[in-house]
Amino acid sequence: MLKLDKVTKIYRVGTFGGKELHAVSEVSFEVRDREVVSLIGESGSGKSTIGKMILHLVSISDGSILLDDLDVAALKGEALKEYYRKVQGVFQDPFSSYNPIFKADRIFQTIHDEFYPDVSAGEWSAKVERTLKDVGLNPEHVLDKFPHQLSGGQLQRFLIARALLLDIKFLVADEIISMLDASTRIDVLNLLAGLKELGLSILFITHDLSLANYISERAVILYRGCVAEMGATEKIFTNPRHPYTQMLIASVPRLDRKWEAQASVESKCAPTGYASGCVYYDRCPLAFGKCKRRPIPLEIEPGHFVACWKAAEPPV
Amino acid sequence: MGLQVENLTIYYQTLSGDVRALENATFSLEGGEIMGLAGESGCGKTTLGHSLIFLAPPMKYVGGRVLLDGEELPIQDMEKMNEFRFRDISIIPQYAMNALNPIRKIGRMTEELLQAKKVDFKAVLPELKRRLDLVKLPHDVLDLYPIELSGGMKQRMVMVVSTLLDPSLLIADEITSALDVASQKAVAEMLVEFRDQDCCKSAIVITHDISILYQIADSIMIMYAGQVAEKASTRTIIHSPRHPYTKLLISSLPEIGVKYSERQLTGIPGKPPLLLDPPPGCRFRDRCPIAFDKCLEVPPFVEIEKGHFVACWKEAGNA
Amino acid sequence: MSAQKKKNEFIYFSSRNPKLLAGVSIILLFLILGLIGPSLTDHDPFAYANPLGAQPPSSGYWFGTTFFGQDVFSQLVNGLRATFLVGAIGGGLGTLLGMLIGFTAGYRGGVVDEILNALTNIVLVIPTLAVLLIIAAYLEVRSIFTECLFIGLTAWPWAARAIRAQTFSLRTRDFVDLARMSGMRPLKIIFTEIAPNMMSYLLLVFILQFGGAILTAATLDFIGLGPTNAISLGMMMQYSVMWGALQLGTWWWFIPPGLAITIIVGALYSMNVGLDEVFNPKLREM
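Chains as they are written, first to last, in my numbering: chain R, 1 to 316; chain L, 317 to 635; chain W, 636 to 921.
Looking at chain R on its own, in the form it has when it is part of the complex (with noise of 0.2 Å):
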C-alpha cells in the first residue's frame, strides 16, 4: 500500500543555513493493506515529520514515498487533491486542528466545497450524520458548535469523520489520543483500531508503547530519525533486540512491574552531528568501536529487522 524507502529529511539550520539536521534519515519501511503500523518514537524523533511527508505537508529531502506506486512527492494540483481524497491524516492537538474562530462543523463543508461540490447540501448533511454515527457521536449534540464547546475526544472523532467523508484508503494518525483523558482515550483508540476493518491502513505515530502494543500489528522504533528496530509488535515488546527498545520498554512506566534499579542513561547532547555513526552511540552501554559506522536495520529473524552491530552478531 504505502512504502517509504530510504526517506530522508535535512533541515538547513543556522545563520545562512549552513548546517544540517538530519531530522529523518534514510527510513524505509512499509504499510501493507489493511494495516496498523505503529511508529513510536520520542519528542524529535522525527516520527511526526515521517508523517508530514506522507501527508505531502512536508518536502522529501531524499529516497521516495509510494502509494500504489504513485511517487508521493512529486504530486501537485489536481493530482495532489485526489491523493488527498485518499490519504489523509489527524493530528495530535484536537484543538490545534481547529480554527478557534469557527465552528467545528466547518472542516465538514469544506470537504464539501472542494471534494463534492455536485453534492446536494441536503444529500451532504445526511452523509455528514451518518458518519458522525459511525464514529460513535450524536449529530445533534455535536453539530452547530464551536471548538471549545466540544471535548478533546469529540474532536478528534470529528477529525476521523472528516477523513472517512472522504472514502479515505490510508490515515495517518499523528499521536492523536495523547492530549485526551484517559476515560475517553481509549474509545478513540477502539475506534481507530476499528477502521481495520472497514479497509484502511493506518499509521499510528505515538510514543506510548502501551498503546502501540495495543492497536498495531507491527511497530516501528524511531530513534534520532533512524530507524532502530521494527518488526511483528509482539517480538518487540517480548524480545527487544535493540539497546534503545530495550532501554524503552525498561523505563516505560507500568501497572504490572516497579521499576528496575538500574539508572536510565539519558540523552546529553543535541540530535545533530550523526554524519557517520550510529545515533544511539553516546547512550548506548554496548558501543563497541564498529558503532562510528552507522549500522544498517538487519533480518535478525524473519520480519524483524535490529539496527544495531551487537545485535547482528550471533548470541555468544
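Fair warning: there could be bad hints in the mix.
Claimed, not checked - Restraint ranges, calculated between C-beta atoms of paired labels, are given here:
1. L/N417 - R/I10: 39 to 49 Å
2. L/K452 - R/R12: 45 to 55 Å
3. R/R85 - L/H524: 30 to 40 Å
4. L/A432 - W/S804: 30 to 40 Å
5. W/S674 - L/N417: 12 to 22 Å
6. W/L735 - L/R446: 54 to 64 Å
7. W/I757 - R/I10: 23 to 33 Å
8. W/L735 - R/E78: 40 to 50 Å
9. R/R12 - W/T854: 38 to 48 Å
10. L/K452 - R/L298: 43 to 53 Å
FYI, nobody ran anything at the bench for these hints, they're computed from the structure. All figures in this text were calculated on a predicted structure; none of them were measured in a lab. Glycine residues also receive a C-beta, built at the ideal position from the N, C-alpha and C atoms.
Dock chains L and W against chain R, hints included.
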C-alpha cells in the same frame, strides 16, 4: 505532622459565574509521604495544588482550613503566604522548564531568588552544590543560561532550587509529562531521592499519568469533577479500588501486553459535568453504573479501612 | 450561542475599558468637528476675512484670525478633514501593503520570505525624509493624495513585519495543515483561515498606521513639504511659525492645530492600548 486539609473549597471567578473547581476537599498527608494526585483534566487537581501555595485571582477562596505541621497556613492571604512560600511549602510548576528567565544565568537567578527570601547565597552554596551532585548536574550549570540545558536538566535544576530551603511540603505539578521516558524515570526517581534525603518532608505529585504514580507514590488520591473521590495506598488504588470511578479509570488504562485483537478495553461513557453549575450530589452520578437514589446527596469521604477513604454511598455503609 | 457569547464578551469588555472609550469618543468628536465644522462658519479658510489681521478669539472669529486675517477655526476644521484623510488613506495603504507583504512572506517562508524580508529592511532604513525632499523638489503641485501615497509607500514595513510574525505562528497550527489536506489553495487559506484569526490584530495595526500617518504628514507639512493646494493642521503650524506667531504672541494661531494633532494621536494610541486589553484576555483587569 504533615499536611491537613479540611473542607477546602476554591472557586474560579469567570464572567459567567463561579466555576466550582474544588469543593470540600478533606484529606491529610503524613510527614514523609509522597501522595499522587490524579484525575482527568479539569478535575481540580491543579487547583488544589496551586491553592495551597499561590491562591491568586481568578481563584477565589471560599472556605476550609489548611494546616502544615500543625500550623494554619493563611492561604487566602497572598501577602502573608510569602513567609511560608519556598520555606515551608514549595512548588515545581508545570512549565517549570520555561519558567526560567532566559537572559539570566542560572546561578544569578538562584541568588536573586534567595535574596528575595533574605537568605545568604554564599552560605547555601555548599548545600546547593551537594544537591546538584544529587541530581547529577555538573556545578558549572550555575554559569549557564537556561537555553543551554536540555529539558530534563532544566526540570532537575528547578527541582533543586525549589527545595533548597528544605520545605516541609513540595508540590510537583505534572513535572514528568513533557519529558521522554528516560528523563521521566530519572526525574521521578530523583523526587523520591529528595524525600529520602529530607530535602522535602512530603510531596504532592500532580499528574494524569497513574502509571508514574504507581512507580513512586506512597499513596494516591483520585479526584473527579472538583470532588475528592478516593484516597488510599498506591497498591490499594491500583489493585483494589472501591470507588466506581477509580475502578473504571484503572481498567481503561492500556497496559503493555493487552492487545485490541485479544481484549478490548472500554472507556467511561459520558463526560464530566460542567462545574459552573454542577448537578447536586455525587458528580460522577451520571456516568456511574451503580448510581442509586441516595447519590443525589453528596457522599461523605469516609475511611472504610485504615488509610483508605472513599466518597461513595455504596461504600459508606462499610465504614 | 458562543458566537453570541464571544460578541457579548467583546462588547462587555469594550464598554468597560476606559482607555478605549476615551480614545473612541475623542476621535469621534474630532471627526464630527471635521465633518460639520466647515458648515458652521461662513469664512473660507483662505479668505482674508478680517481686515484687522491677527486678532484673538472673538464671537465673530471663534478661534481668532491669522496674521493675514484668515479664520483659524475654519482652517482648523478644514485641516482636520485633511488630517483624517491622510490617516485613512495613508494608513490604509500602509496597512494593505503590510498585509500583502506580511502574509506572503509569513505563509510562503523560505526564499520568498528572505527576499521580502530584505526588501522590508531596505525600505525601513531608507531615510524617508531625504527621499521625500528630493521627490518634492520635482513635483510642482502636490495634492493631499500624493502625500498619502508617499506616506503609505514608506510606512508599511512595520506592519509587514508584525503581520509576517503573526502569520508565521498561525501557519504552523494544525488547522492550516488540515486546510492544505483539503486541497485548498494558498490564497484561499490565507484569506479564509489565517486572516480571520488576525482581525483584531489587523485592526490594531491599522490604528497604529493611522496615527503614524497623521504624525508623518504633520512633520512633512511643517517643513513645507505638504500639499500645495489645501490646508492641513501641519501647514497651519508651519505658517504660524513662518509668520512669527511665536514671537508676536498670537497663540491662538498655533495652539489649536498643535493641540488637535497631539490629542488625536494620543487618543489613537489610547484606543490601541484599550483594544489590546479587550482582545488579549491576559491584559484584562477583572
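Here is what the structure says about each hint:
1. Range check, L/N417 to R/I10: about 34 Å between beta-carbon atoms, so the 39 to 49 Å window is missed.
2. L/K452 and R/R12 have their C-beta atoms about 34 Å apart, which leaves the hinted 45 to 55 Å range violated.
3. At roughly 37 Å, the beta-carbon separation of R/R85 and L/H524 lies within the given 30 to 40 Å, and the hint holds.
4. Judged by the Cβ atoms, the range 30 to 40 Å given for L/A432 and W/S804 holds: they are separated by roughly 34 Å.
5. The beta-carbon spacing between W/S674 and L/N417, approximately 59 Å, falls outside the hinted interval of 12 to 22 Å.
6. Distance hint check for W/L735 and L/R446: the Cβ-Cβ separation is about 60 Å, which falls inside the suggested range of 54 to 64 Å.
7. Taking the beta carbon of each, W/I757 and R/I10 are about 31 Å apart, inside 23 to 33 Å as hinted.
8. For W/L735 paired with R/E78, a C-beta distance near 28 Å fails the hint of 40 to 50 Å.
9. The hint said 38 to 48 Å for the Cβ distance between R/R12 and W/T854, and at roughly 43 Å that hint holds.
10. Distance hint check for L/K452 and R/L298: the Cβ-Cβ separation is about 35 Å, which falls outside the suggested range of 43 to 53 Å.
Comparing the model with each numbered hint stated earlier shows that hints 1, 2, 5, 8 and 10 do not hold.
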